[in-house]
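Chains as they are written, first to last, in this note's numbering: chain A, 1 to 354; chain B, 1001 to 1354; chain C, 2001 to 2354; chain D, 3001 to 3354.
Be careful, since some hints might not be right.
As the list claims (entries may be wrong) - Just some of the chain C residues that point at chain B, by a computed CB distance under 8 Å:
1. W2075
2. L2231
3. R2235
By construction, these hints were calculated from the structure, which means they are not laboratory data.
For glycine and all other residues, C-beta sits at the position ideal for the given N, C-alpha and C.
Protein chains: 4
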Amino acid sequence: MHFTSDNASGVPRQILDALARANDGFSPGYGAEDGMERLRDRLRLVFEAPQAEVFLVATGTAANALAIATHCPPWGAVYCHRHAHVEEDECGAPEFYTGGSKLVPLEGAHGKIDPAALATRLAGAGAVGVHNVQKGMLTLTNLTEAGTAYSPAETAALAAEAKRHGLPVHLDGARFANALVAQNCTPADLTWRAGVDVLSLGGTKNGLMGVEAVMIFNPESRPDSPWEFQLRRKRGGHLFSKHRYLSAQMEAWLEGDLWRDLARHANLMAARLEAGLATIPGAQLVHPRAGNILFASFPRRAHRALQEAGARYYLWPFDQTLDGALDQPVSCRLVASWSTTEADVDRFLERLAG
Amino acid sequence: MHFTSDNASGVPRQILDALARANDGFSPGYGAEDGMERLRDRLRLVFEAPQAEVFLVATGTAANALAIATHCPPWGAVYCHRHAHVEEDECGAPEFYTGGSKLVPLEGAHGKIDPAALATRLAGAGAVGVHNVQKGMLTLTNLTEAGTAYSPAETAALAAEAKRHGLPVHLDGARFANALVAQNCTPADLTWRAGVDVLSLGGTKNGLMGVEAVMIFNPESRPDSPWEFQLRRKRGGHLFSKHRYLSAQMEAWLEGDLWRDLARHANLMAARLEAGLATIPGAQLVHPRAGNILFASFPRRAHRALQEAGARYYLWPFDQTLDGALDQPVSCRLVASWSTTEADVDRFLERLAG
Amino acid sequence: MHFTSDNASGVPRQILDALARANDGFSPGYGAEDGMERLRDRLRLVFEAPQAEVFLVATGTAANALAIATHCPPWGAVYCHRHAHVEEDECGAPEFYTGGSKLVPLEGAHGKIDPAALATRLAGAGAVGVHNVQKGMLTLTNLTEAGTAYSPAETAALAAEAKRHGLPVHLDGARFANALVAQNCTPADLTWRAGVDVLSLGGTKNGLMGVEAVMIFNPESRPDSPWEFQLRRKRGGHLFSKHRYLSAQMEAWLEGDLWRDLARHANLMAARLEAGLATIPGAQLVHPRAGNILFASFPRRAHRALQEAGARYYLWPFDQTLDGALDQPVSCRLVASWSTTEADVDRFLERLAG
Amino acid sequence: MHFTSDNASGVPRQILDALARANDGFSPGYGAEDGMERLRDRLRLVFEAPQAEVFLVATGTAANALAIATHCPPWGAVYCHRHAHVEEDECGAPEFYTGGSKLVPLEGAHGKIDPAALATRLAGAGAVGVHNVQKGMLTLTNLTEAGTAYSPAETAALAAEAKRHGLPVHLDGARFANALVAQNCTPADLTWRAGVDVLSLGGTKNGLMGVEAVMIFNPESRPDSPWEFQLRRKRGGHLFSKHRYLSAQMEAWLEGDLWRDLARHANLMAARLEAGLATIPGAQLVHPRAGNILFASFPRRAHRALQEAGARYYLWPFDQTLDGALDQPVSCRLVASWSTTEADVDRFLERLAG
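Modelling step: build the complete structure from the supplied sequences, incorporating the hints.
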């Protein structure tokens, strides 16, 4: 009954096997291995983006911060949701990598930026010339931190507003696979076709040990970006000498659509949780669920029972307490992963039902 | 009828005379001139702070950014009002000087931070350890950007909340003199006695050409601060070789309480504006006035008449338009300075009255 | 015949096995896994440093840059050998992480800082107060970039000079294991007992996929360092969510002294190369060899024959050419690793002998 | 007998008068005053550069650091003389403003970069792709720190080498006027016609209180530079609200060629010193003199006599001592300024002659 985070799960057998295969003999490093060539080709195919540049790093924070720093100057404002991971959970990594840009938190229900809030903010930005930070870029997250998903159309609407002001668009896709399989669309639909210029494609939360790809979809529109990205990556200490272990993992992850299967399973387990919750009096969703994350509230009594039974998950927000009126609702975050089992979910629901 | 800003005014005769006197002969530079010694002593006396360290720079942005960077690490959150100058008008200077800290904008009516908003934000900060930016420092502005003033008690309440969390407190005093003479208190009451650790004492908006003092009141509590400040100042390009022209101006400014006289006059002229407005139908204050800044609204018809008569001031917020229904109210900012005349004020009021 | 770098090698079976073991089930992340606790204890034991703080990252550049930034302010000079990895091969990572410090390259034969050069430079530093960058820290590399090793006494002499000026000492130990087994001393002798405050302990070049430990030996002397290191690590994007895969690798590496066995083998293979070279007319060492790296020169004719036979290694310096007089010497770098075989070495020597 | 630095001198009457004139009435700030328009036109005329962009700051360090940061990325190498002011006397300001670039000190006699040293360094730069800092820009100083001057031809040769590698060229002209009047050439000859892209034109050392102009000669070749410069200036705290006091000073300085007259006088006084020294046994020049700075050595006995007579100048290098054998030579730096008098020079020479 481990629902703290999808990054608490391990990796499937296929990934261990890929590491063993990649381990054989000597290999050039720093991304010059054959496997990186194959991975790049495969990602271009999957995203229908033959021009895309692809770079690997090992953490989501690195992917986001490097992608943002490559597309936004130090004096640029980075528009994001007020609960975005880049705003709340990266200890200022974007500010560090950009050299001091300003993240501008925007409102919006259920983790999704309100298009009107973005439009208003952009309309008022830069009114006093050099005295303000300048309009820099837009960054979205899909799945959002509230577990909801932007549709291709919603993504396109926000991206279009950014582009009206000449801004590039970044997508933090730490849970991109979960967002993708939750909807009837292609990877291209959810990214470049909707106006996304650069994607952090997360592998770690979906079955890898620590691999994220940064995809720059239209390098021709900013010809310096790919080289600048590589310099920033090296300078940030994120270029791996034994790079083959990164590319091998992600190659195996794409093989036979494993990545979608893993995400589909995680989403399914979350759906099972959701379905179960719907039948339990006093339990309810805090945000509508799209993928593998669920925000739910139920009486403190049930929380305590679950904790005693060994269930692991975070209260959300963190500052709630388990000491208090037993019939009052407390809210939590439940994250399913590729390795969550039906049995685990059912056991959780049983306990919750009391 | 020039009410755009107090920095559109010149300097009084005494300042020009002081420059001429300081000009004589050769002098050591970089703050080693005799005049700096005298100024330091004088400021310590005026602020009843015999231990205070005093450093000069030429712009308010430099004073604020250097003061903040010396007291807040790169991963620190700088709590400020959402309309603070450091947040809205310095093109990210604090972020640049700190190496990428995060300014956290807080709500509060009339430009003053709501103590509850600060307490709530601090209570929730740092909940997830290393993943968040850490609690860094508090920065207040007095006069505020809305033209209101924090009293010693209000300052102390906010500072105490910050100190409960171990945070240093900075005061942006670009218009400190105006805040001071508006209240029945001493410089010490409004700063260190209320918990302010470091002050940007503004001279430029109150009759100097470009001189601001940074006062560190309790260097013994952070013994590295003064030296660190000096290194940051040099490294930021803000250490003047011909430093005597800065110290001479500020020395003359303190002489015979000139600085308070200048501020008192500016406040008086704003009070005269306020009094006049009160008699004009359709005109009203947007914020209560404390010093030399006034936010007022009156019908668009009156605005247009004033503009045609050559009155200079900013619409506030900037994105209002003078094209539109003539009887609808438009709001503006009016700033009086040491050189504003009664005649100017009266002419303005006449035009406004129509 | 692959001698380009020890990071072109794979990892031994034990490491793959450790990953498989660590993969089981759910685990807390970010260093909170049980394995990290065990690893920390083990490293403290191995280094006889019960107070040491231990943190993991995945690249040597990250380890060095974070260690330096935690111990040197932005205005500090970082004294290093002119061919140090931090100076020549990290694209400015130390400058980036420190916020713009200055690396001061020092002379010294065979990759080792000349103690007199360090003393002279330190004696002259900071003469003009705030105008200069300040004395910041000393960073050594062992094995050096020339393949030589500092002895405990040599390390201690340089560290003592630094400490005379109050400076902390960092050791870039990307090939620390090779330096260690090359000498009759303990890990403690070569680090904290000789005055090293913080160590980058390299695993990647000696049989891991990408794991480096940063050890802060005397956290009590700078009590803020460990927490600051962790914030910088997170902010730099170097904190792994699935941290168990890092700690598991390094735990297995220490198990049964595997790390020393791997390094010993690599050194032995380099010694075999050296012995062979000594018997070949026209071949000679450029630097005395201590560990697993060898700098040698031999006629261009031999280089060409080796290349044709498929031998892989770098000309050193890079800007030499294989086009030219066949009997003229060209110099190269040959690196042996834990996976280099006697057969490979012998084949290389045969070809070289012609 | 004050020869420590030209920045120990005051300003001529004309500058005080200009301040008094500029003081009249209200004025727009931040460079929008009429005087800035006139100054810009005048500088374009003087430099025969009708497209040049002109911006003012108050210190030489700010001018240099902002000019460099606008033309060199964080991962760029800034090639400079090893004794350049940017390398030795700005506490790392260029590193701070660029976000961590690396200054690469080059050799060269008498303060002038050896063209061969530059060519060699550039030829070897960037050999290992992303692992190295990249070739960034060239910065020259004229007058140099050794008091010598680059001729237009020498400037052009170095600039051409830089441009062969696609690098922009900056000129630190803290004493540009002195270099100019020392040679039979025009401002254009010594700057853009010789390949200089951006100039720090120093006023402070030549009769102003603290005014430096940054001139970008060919903004069309990097169309973003001027706007980027302005953002960096604001963000660095170097944009003056009461900007009129800067532009007024520099306008008066150019008026009637005052700037050249001041520099010519300073150079003349240094020439007088030089001529006198030539007649004194035991005294000799350390570097050939071009402008207003003189490096000379003479017996310690004479130094002590001069000090006792109240002469003020720096031993150069700083770490020499006045305690020691009286007949041994000690070296010093003597700087003449616009306000140095013949009487002062002669008195100095008399004392020196004994």
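Hints and how they fare:
1. W2075: With a closest approach of 5 Å, the C/W2075 hint holds.
2. L2231: Nearest chain B Cβ about 5 Å off; hint holds.
3. R2235: This interface hint holds because 6 Å falls under the 8 Å limit.
Consistency note: the structure conflicts with none of the earlier hints.
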